[in-house]
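2 protein chains.
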Amino acid sequence: MSRPGEIDEERLAAALKAGDRRALAQAITLVESTRPDHRRAAERMLDAVLPGPVDTIRLGISGVPGVGKSTFIEAFGRMLIERGHRIAVLAIDPSSKRGGGSILGDKTRMAELGRSDAAFIRPSPTRGALGGVARRTREAILLCEAAGFDVAIVETVGVGQSETAVADLVDMFVLLLQPGGGDELQGMKKGIVELADLIVVNKADGDLADAAARTVADYRNALRLLRCASPDWRTEIIPVSALTGSGVDAVWDAIDRRRAAVAASGALEHRRREQARQALWAELGEALVEALRGDASIRRLVPEVERRVMAGRASPSAAARDLLERFLGRPA
Amino acid sequence: MSRPGEIDEERLAAALKAGDRRALAQAITLVESTRPDHRRAAERMLDAVLPGPVDTIRLGISGVPGVGKSTFIEAFGRMLIERGHRIAVLAIDPSSKRGGGSILGDKTRMAELGRSDAAFIRPSPTRGALGGVARRTREAILLCEAAGFDVAIVETVGVGQSETAVADLVDMFVLLLQPGGGDELQGMKKGIVELADLIVVNKADGDLADAAARTVADYRNALRLLRCASPDWRTEIIPVSALTGSGVDAVWDAIDRRRAAVAASGALEHRRREQARQALWAELGEALVEALRGDASIRRLVPEVERRVMAGRASPSAAARDLLERFLGRPA
Numbered sequence: 006m007s008r009p010g011e012i013d014e015e016r017l018a019a020a021l022k023a024g025d026r027r028a029l030a031q032a033i034t035l036v037e038s039t040r041p042d043h044r045r046a047a048e049r050m051l052d053a054v055l056p057g058p059v060d061t062i063r064l065g066i067s068g069v070p071g072v073g074k075s076t077f078i079e080a081f082g083r084m085l086i087e088r089g090h091r092i093a094v095l096a097i098d099p100s101s102k103r104g105g106g107s108i109l110g111d112k113t114r115m116a117e118l119g120r121s122d123a124a125f126i127r128p129s130p131t132r133g134a135l136g137g138v139a140r141r142t143r144e145a146i147l148l149c150e151a152a153g154f155d156v157a158i159v160e161t162v163g164v165g166q167s168e169t170a171v172a173d174l175v176d177m178f179v180l181l182l183q184p185g186g187g188d189e190l191q192g193m194k195k196g197i198v199e200l201a202d203l204i205v206v207n208k209a210d211g212d213l214a215d216a217a218a219r220t221v222a223d224y225r226n227a228l229r230l231l232r233c234a235s236p237d238w239r240t241e242i243i244p245v246s247a248l249t250g251s252g253v254d255a256v257w258d259a260i261d262r263r264r265a266a267v268a269a270s271g272a273l274e275h276r277r278r279e280q281a282r283q284a285l286w287a288e289l290g291e292a293l294v295e296a297l298r299g300d301a302s303i304r305r306l307v308p309e310v311e312r313r314v315m316a317g318r319a320s321p322s323a324a325a326r327d328l329l330e331r332f333l334g335r336p337a
Numbered sequence: 006m007s008r009p010g011e012i013d014e015e016r017l018a019a020a021l022k023a024g025d026r027r028a029l030a031q032a033i034t035l036v037e038s039t040r041p042d043h044r045r046a047a048e049r050m051l052d053a054v055l056p057g058p059v060d061t062i063r064l065g066i067s068g069v070p071g072v073g074k075s076t077f078i079e080a081f082g083r084m085l086i087e088r089g090h091r092i093a094v095l096a097i098d099p100s101s102k103r104g105g106g107s108i109l110g111d112k113t114r115m116a117e118l119g120r121s122d123a124a125f126i127r128p129s130p131t132r133g134a135l136g137g138v139a140r141r142t143r144e145a146i147l148l149c150e151a152a153g154f155d156v157a158i159v160e161t162v163g164v165g166q167s168e169t170a171v172a173d174l175v176d177m178f179v180l181l182l183q184p185g186g187g188d189e190l191q192g193m194k195k196g197i198v199e200l201a202d203l204i205v206v207n208k209a210d211g212d213l214a215d216a217a218a219r220t221v222a223d224y225r226n227a228l229r230l231l232r233c234a235s236p237d238w239r240t241e242i243i244p245v246s247a248l249t250g251s252g253v254d255a256v257w258d259a260i261d262r263r264r265a266a267v268a269a270s271g272a273l274e275h276r277r278r279e280q281a282r283q284a285l286w287a288e289l290g291e292a293l294v295e296a297l298r299g300d301a302s303i304r305r306l307v308p309e310v311e312r313r314v315m316a317g318r319a320s321p322s323a324a325a326r327d328l329l330e331r332f333l334g335r336p337a
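Protein chains in written order, with this note's numbering: chain A, 6 to 337; chain B, 6 to 337.
No wet-lab data here; the hints were simulated from the structure.
As the structure is a prediction and not an experimental result, all values here were calculated from the model.
Errors might be hidden in some of the hints.
Since the list can't tell identical chains apart, any single copy or any two copies may satisfy a pair.
Simulated pairs of lysine to any residue, SDA-like, Cα-Cα distance not exceeding 20 Å [what the hints assert, rightly or not]:
{"no.": "1", "residue 1": "22", "residue 2": "123"}
{"no.": "2", "residue 1": "22", "residue 2": "270"}
{"no.": "3", "residue 1": "22", "residue 2": "122"}
{"no.": "4", "residue 1": "22", "residue 2": "318"}
{"no.": "5", "residue 1": "22", "residue 2": "76"}
{"no.": "6", "residue 1": "22", "residue 2": "317"}
{"no.": "7", "residue 1": "22", "residue 2": "172"}
{"no.": "8", "residue 1": "22", "residue 2": "42"}
{"no.": "9", "residue 1": "22", "residue 2": "307"}
{"no.": "10", "residue 1": "22", "residue 2": "271"}
{"no.": "11", "residue 1": "22", "residue 2": "59"}
Extracted from the complex, chain A is given alone in its bound form (with noise of 0.2 Å):
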């Protein structure tokens, strides 16, 4: 594989939609990359392959470690296939620093389901802020649909700030528990059960079989408690067994219906269309930070506002108008 930088991003963007999975990985590396040339070349290559196909599912999937999140987007990917379906799985890793490598680094995950052309599986970027990789994902979902991938699933770990960034980029949020009485939500995000728009128990087999139709009822009646998720759409729960197959199928029809549900009402197209003139947004307010932030002068008065500020003895207002002003070398 070429380096990016050799890239002709003009040959990838048509190697790309003629559905060439090595094209769709340097692409994804090209829009990953921070280098300034690197950048250029991956929005110029975005714009060639845009407008993708309209009819596709963005899907969100997230979990802690152990819930078996592999084993079931394994199970799951491979019943999309043999319905004819072409699937991506991105996997956006806050931990992955931490832990020394990414969620998917490991080949021997979804080994069977990385074997299939109609499948494209990309490990976790391991650099970067959690915005910047939100951001890149964004990108790296509409290369994945142009390379005619027409199910894209965001699989994260729900342990830090990426599932509300992740339900920002879907059109669904998926979030895989196991049996039990929620301690595994322990240390994920605040507010992740409200966010999914489909609960899975996993591991509805064998032991645990009862204890997952437990759990499911369990999370039905708490629901019922929390139902402020959308009004036309009451969060379904499903058991599973990624292990078996069972319910993976259950899981698909919930997620077809409810696509087509919002496809027809044209809320999925309104819901896209947000996320794109919010993403816009959000890309002019983190690239203006990172100009100020990168500005020689700026960066070293930094530290002592931030230190005056968080000690209460300036307010936030007053000082972020001094930087501002040194910044666009005007009253602001």
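Model the placement of chain B on the given structure of chain A, informed by the hints.
Frame of chain A; chain B shown alone:
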């Protein structure tokens, strides 16, 4: 009351620190003003009163209309005053533009509390974007504390995007519910129940007493499945009758206990320092985007750029870079 433009902010800061409620009201009017000269005066005044006292409590209280929020806050406030506290109530009401009036505009609300010298009640500002309202509410809290009000309550109706912003302004977030099956949460922000540090089930009196007890038990069960709040705090659920006053003491005891624990561990100071730092960067980000939006050459381009991005014909990142380079007058 003189108009903000005529105010001498040094005199105002001195009067405010002496506990003058009229000065406090004028000072908040000043921080809510968007006029550039008022903003500067407001920032000078803030810096003159900072740092304020640290032995204070900042509470967010949320609940839909009809849940009995004002009755609860009145009973709660009276009890606090009897215990020697001074209480300030600030409202954020993103829906006031729709309804034509502020939730606190009605003079009859909290009439008794409003007559006490130990209470300060501030109606919701009726204009401005929510981000701006949250920023100014942060400053209003600091002013109330500087004026000797040691308990600041930020009241929201929970239907908008304000709760996350408010949770970032306060030490604890309290959600008011009424007996029933959670139907009232319909339309509230997703994740609000999980956001709560404390849930108060109001109307636990008369015919509704039994239903309230059931609701408390139901939420206790539900939260067991969602207990991802903070490792050192299990969300408490307390039945209350704002009408008879029963349970109001228990709410304060829970808040006070929690405050003592986080103050002793250093978590409270850490949280407030982080909130201040984040407020600095949020101010900077918002001010930068405002400066960009206010640029005449950018403003002309925005509608067409948004259309292209929303139609999926341009990537947010390329569109953002293009606007940014025009704004900064150099490659970004």
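### Query
Going through the earlier hints one by one, which of them does the structure break, listed in rising order?
Hint check: 2, 5, 7, 8, 9, 10 fail, others pass.
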